[in-house]
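**Q** Chains as they are written, first to last, in my numbering: chain B, 1 to 378; chain V, 1001 to 1283; chain D, 2001 to 2273.
Watch out, some of these pointers could steer you wrong.
Chain V regions said to be covered by chain B (calculated; three or more residues, Cβ under 8 Å) [what the hints assert, rightly or not]: (1) 1019-1027; (2) 1123-1131; (3) 1236-1250.
Simulated pairs of lysine to aspartate or glutamate, EDC-like, Cα-Cα distance not exceeding 20 Å [said to hold, decoys possible]: (4) B/K117 with B/E310; (5) B/K366 with V/E1140; (6) B/K172 with V/E1140; (7) B/K218 with B/E304; (8) B/K270 with D/E2040; (9) B/K366 with V/E1050; (10) D/K2047 with B/E151.
Simulated from the structure, these hints should not be mistaken for lab results.
For glycine and all other residues, C-beta sits at the position ideal for the given N, C-alpha and C.
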Amino acid sequence: MKSRLIAFASALAFAGAAFAQTTLNVVTAGDQNMVDYVNNYLAPKFEAANPGVKVRAVGTGPGDSGSQKIYEKLSAQQKAGTAEWDVDVAVIHQLASATMVNEKLLMPYRNDISAGKLVSRDTAKNALGANVDGYVMPMFHSQIVFAYNPELVKAPPRSFAELTEWVKKNPKQFGYNGVKGGMSGVGFVTGWVSAYSGIGDKLEKGPFDASSGPAIDKALAGLKDFNQYVVMTPGNAGTLDMLNRGEIAIGPVWVDMFYTWQADGRMSPKMKLALPSPGLPGQPMYYVIPAKAAHAQLAKKFIELAESPEVQADGIIKQFNWYPGIDPQYVQPKLDQAAWNKLFTDVSPQDLAKYGRPFPLSPYFKEIVEGYERVVLK
Amino acid sequence: MAAARRPADRWTGVALAAPALAVVGAFFIAPLAMSAIVAFRSKGGGFTLEHFSKAFDLYTTDLLFTLAIVLLSTVLIGLLSIAIAGYLTLGENPRAVAMLRWLYRWPLFIPFVVAGQVMRTFLAKNGMLNHVLIGSGLIEPLSAQSMLDWRGIVVAFVWKQAPFVTLLLAGAMASLESQHIEAARNLGARRLRVLIDIVLPQVRGTLLVGLVLSFVTMLSVLSVPLMINPNSPTMVTVDVAYRINTFADYPVANALCLLSLVLAAGGAWFYLRHASKKIEATA
Amino acid sequence: MNAMTLPSPLRSLLRAVLLALFAFAIFGPLLNLFLWAFAERWYFPSKLPLEYGLTFWYRVFQPRGNALASLGTSIWIAVLTVFLSLAVAVPAGYALARLRLPWRSGILLAFLLPQAVPNLPVYVNIAQVFYQIGLNGTILGVVLVHASHGLVLAVWIASAAFASVDVSLEEAARNLGASAWTCFRTVTLPIAAPGLIASAIFVFLESLDEFTGTYFVGVPDVTTLPLLMFNASMGGNYQIASITALLLLIPSIGFMLVVERFLKADVLAMVGR
């Protein structure tokens, strides 16, 4: 009771809110543009439709560390036994969502909102092999691709085999961020292992076979050799940063980060994208509602709005050039053909369907990443 | 002197220090103890050293790398701050002294994360440093190097922390009695000798405080290595973040924290030995 | 043959060159900050921004973004942190310097801990405790976390500052009949003041630099500008990171100027007595 009083008093003092106003707390991992999206686009729409409600958006930082911070906050409240949690809607990555569902930190809600029927992709039910059905809705889908400078790279490698040859002829022109700097590097590594271990399908679909260690290690040994000809970059942003300064000519990046950088003037508009065979992983970011959110009903309404076809078309695709979270057939009618085609300037829908893969299942994922430390870094 | 020996002061001393201890005890040491427990607890709840053995297995190189980098940075910071503070105290050209005094403080106000960011763009292969070096003809365009490895981390640390130690040192030097310095100069001693033989011994305490604080701070910085060189070998803080964010592996992360603490304690031990000698000398 | 024996014009030249190099070392990296704060487009192959503009300033200062409110909160928290830290560090520093304390080394080491340990895992535990006692989401909670971090600077520097005060001066005052408190107030404190002021500046800067603890204990009710700066920096959003860094420079430098001016007057006043 005392903690509720203190929290209430603080909210009054520092939000400067009137008595009748409810504050919906949206906490999002990812870049600042995610916070801006909520603040500038979603919030005004939501507040207009729900008078007396104020939406407050906070960012926790890019990458899985941002999602992990949200997990830690919810976990701390769970362990402290707080009755009502201070996060109403959270936007997180797949890895954290699996952990959160496991530890019962989330509330199932997808079947309670009508937009829940608009997703049929596997990613709405499955996060790295963990069953998250009902707890998540994809906000948008992102994909790791190679970004390259067409003036320096006349014919980009179209497969991992071509890439391996290419780096020998063009040393230090390819860069990626290893496993410790961000998921685009991790995705490249898992893509490499899928390509060279011979068990690519099993890595993604299962079942988990403990004897696949040697196949993975063999692929990683090849990666160790490959690393001699490439530059290691400092993180997701580091790869984009080096592309920005022309220090590397090609590297794996997240499509959403790439377009954001282009829109913010940090990447030349001439840069192009390519998706090599047999593929690179992609993942969505999820809307979730914490199990003891203070305003669960409002949270559901908020996500309902964010996942409506109009908002997905106008906000996600038009504003950011990101792949939609709900199924494309619901979103496409809301856009003109030009806007829709812009999504597929460099990577065609067919390529995306063939070479856009999920990350490996969680136990394989751990084996690959730990194997990297054991085999490649030693 | 006589005052300190009265037994009542023992408890006065403890009472005076109690509030500060309470703040750090409740709001850091207690949570740290909770972390330490996690580092030693096995899945079943018993005591185990497996997390430490895993930490050593994977990250011994990084631990040594961290120690080496931070030690090197500390030494460089010491040399640089002695030089700058020395010139501020003994310099004879008032304009140069004033300019130096204005210049050296700027990095103080730059947070570590921003220092990491600016160094990443400054020290890169196509960064500003190389542009200037190439533009002034000092190096060939083809031999431009990226300093985004251990050297970048050292540069960022020295750039950010040297002003801190310099500020402390300059203050300590300024409050020295100028008669000693003047006497030595009148006898014909060169300024460098005055610095080394007269000024430095008197400000050794402050220098040590600054260096130990810097050493300890640099050990726990995450943003700089993450932005400049997170790929192996890297600093232990990056590995802590990596274990947490990719594997949610709090036990090994906490084990690494404790190992980092041991390194820091080693550095602190130097100061404490010197400080207690000084207290005993004046008592 | 060393620098001292060079003829005067050569010496001036050497001095000028060294100063210029030093200025480049300090301002070169900072120039990047200024450029990015005003750059709208900057990419290879240009060495300087292609387009300048204030778009990102508008983005930072947009009304819903709360940048000014965050800045205000950050400064307020930093000021409170300085007060709290000094309030507990001055007596502790004096005790460590002058009085015989049991476990003296242990006490000094205790203050070192918050700076010595990568604090990510530890803050998780603090969050849990604060949720339990209701301090989460409050300014007081954030100030306590910042203070525990900054106390090492305050206590160690205060202790060194008091230790450097000549004991004979204090003894002289006591022999003249001054009480312990008067002696402290009129002799010890003024001499140690420069060190204490320095520690205040560092605690202030440290507080403005802190974001991990602020996130765990403050968000979503208490948001500070360093949080925004950290997220923008890590995400590679150089424009916003540079702008927020420049914004944070203002209170930092302002605090130092104010405090140094106040110090000089006070110390000079003491000298006459």
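**Q** Does each hint fit the structure? Answer for all of them.
**A** Each hint, compared with the structure:
no.: 1; hint: 1019-1027; in the structure: violated (count 0)
no.: 2; hint: 1123-1131; in the structure: holds (count 4)
no.: 3; hint: 1236-1250; in the structure: holds (count 9)
no.: 4; hint: B/K117 with B/E310; in the structure: holds, 15 Å
no.: 5; hint: B/K366 with V/E1140; in the structure: violated, 44 Å
no.: 6; hint: B/K172 with V/E1140; in the structure: holds, 18 Å
no.: 7; hint: B/K218 with B/E304; in the structure: violated, 46 Å
no.: 8; hint: B/K270 with D/E2040; in the structure: holds, 17 Å
no.: 9; hint: B/K366 with V/E1050; in the structure: holds, 18 Å
no.: 10; hint: D/K2047 with B/E151; in the structure: holds, 18 Å
Taken one by one, the earlier hints fail for this structure at numbers 1, 5 and 7, listed in ascending order.
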